[in-house]
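Asker: Each residue of the sequence shown is one higher than the one before, counting from 1486 in our numbering.
No lab work stands behind these hints: they were computed from the structure.
The structure presented is a predicted model; accordingly, all values stated were derived computationally and were not measured.
Cβ atoms here follow ideal geometry from the backbone N, Cα and C, with glycine treated the same way.
Where hints are given, some of them may not hold.
[To be verified] Now the in silico label distances, taken between C-beta atoms and shown as ranges: (1) Asp1727 <-> Asp1630: 22 to 32 Å; (2) Glu1617 <-> Tyr1546: 53 to 63 Å; (3) Ala2036 <-> Asp1630: 49 to 59 Å; (4) Glu1572 <-> Thr1613: 21 to 31 Å.
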Amino acid sequence: MSQVEIPPWTPPWRVVVRDRVIRVSAAHVRGEDRWECPTQIAVKARPAVQVDREPSLRPTYPPFHSFALGLARDAAYSVTASGTDPEVALDRVCASASGEVADAARSVAREALQGYLIVLARLRDAGTLPSETVVREFFAADEVDVRVEWSAWGLLHVSRDGADREFHVLTWEQAGTRRRDPAYLAVYARVAADAIMKQEGSLWRERWPAAPAQPGPAQRIRVREIGVLDATDALLLDISADEARERFAGVVAERVQVLGGGATNPGTRCASCAVRYECPGPARMPGVLGVAGPALWTRGLSPGDLTTARTCTWQVHLERELSLPRARRETTEAMIRGTHLHSWLEHAHARLVPCSLDDLPLPGEGIGDVAEMLGWDEPSYAALRPFLLQHIAACPLSRDDAVAVYPEQSLTAWDTDVDVVMSTRADLVVDTPSGWVVRETKSVAVHHEMPQTAAEVFERYPQVALTLCLLADGLDPVTGGVAVDPRPARVEVEILRPDGHEVRGFHTGDPEAVLIARASIAEAVDTILYSPPEPTVGRHCSWCPVSRWCAAYRASSGPSGAEAVEDDVEVQGAERPRMSLLAYAESVTVEIESDIPF
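Using the sequences and the hints, build the whole thing.
Answerer: Now the structure itself:
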């Protein structure tokens, strides 16, 4: 088996190198280019390289444990490796966790543990997995100039003779439905094929020593994904150990280039990054959110969190702070429409040519190249075509003065005064001789849903308010840096209806608009940071992606739960601003890789 060459990385800040070891996780090579940060991955892959930081600079961390799937995995390890009773195993894992384990997180972990054990019993009953297996902590290693250790997160089952090995990749639900990059699976297969049993008590920041006893030679390797909440499983890979070794280098070589760092990809994940104080990636913009007083720990927030907080701060707690699994109970028409329109516009604008009538043939005569690429059917296309027709007249790529355009541009800033990293993604950034134009495109079903005042626009579309504040304070929407002399900028929201459209614009040079935008952002951020999270039960709970884990919602949905929720929304809905409810009803949580931590 040929060796995989790991690219070198020179930290751009002072470090202490305690050992020359590189640890590559399968999660490092999963190919999520849109979300991953090469610098963050380079840091994580070098556990023995530590920042030489000023002692007075002490990072803050949340007081609660925020990885329920990790609790379930560790409890399952105790059950399968030592025969511990499941409840006892979970209690021990929760007791030893870093940070308080919330009741909701424990509930999720318990259900996940039960789901995993159900799948395990099913596989053994079917003869797919040996009735007895050895489960330990395993890794693989290459001894070159620098020791390279390969790791994969999950549970590796090894038969008593070592010949049969099955790696279980844990996910929340719907095993096998998410595409897994070949390099990602190759690392799992390599670790299984060349598994070295790790010595108990090994430390993360040191090279892992091998245990005295090791498994026999491997012959067959399987990688299986298991959905722990719905007890689903899917076989992802079934090959010989020799094949796993032979194909490893060729599959992984390109993906490991990310370990060379070099680039940054700022986003809300910067809030938990170990080198956030040293990294130049997130733009430092003190005071940009208009909130006074620091948070208790570094937070990462998005405009979606602000929308959610205006309706239910408990959802922000469960979803953002505890990172509980999301599963939308119901989907509104506005959510579906917004998601589909956004996808169409994203792909159309990525061509860097103006949208035209040629893209939107009459129903019955085709659905157009973009809709076909997205897999739309004819009824969906026919329903959305009226909105897209309205966009053609307002397409920002039709401008005569456009120097360059940047679709789906990420904008991130760290308000160091309040210790919050805020991130949003602009639909389109246009560079013109007179300054920046940032365009967001939204849709409404009927005219009376249109926001009227600037305050209503900012409440309904908080990403517009945030973008205006960021650009007014000097954020360069392309480079991500902060300009000393900011260019003029205009933030536009294009609102599509089936029978018309409107483009609202806000200039960074308009102090009143910026003030209203900052006040709108500050109000929601203040609610998240300084008010204890509390559940607000109402009709919106049926759309909430984490209501499954909400005790207040479960209490309201007993024998007469539907009536209780309906009654509640009539009372509470009247108290809530109408634009907030409309925003919540059309918001969509973006699903990203959230179940593998390293």
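Asker: Would you mind marking each hint as holding or not holding in the structure?
Answerer: Now for the hints, and whether the structure bears them out:
1. Asp1727 <-> Asp1630: 22 to 32 Å: 26 Å, holds
2. Glu1617 <-> Tyr1546: 53 to 63 Å: Hint violated: Cβ distance 40 Å, outside 53 to 63 Å.
3. Ala2036 <-> Asp1630: 49 to 59 Å: Given about 54 Å between the Cβ atoms, the range holds.
4. Glu1572 <-> Thr1613: 21 to 31 Å: 27 Å, holds
The structure fails hint 2 only (numbered hints given earlier).
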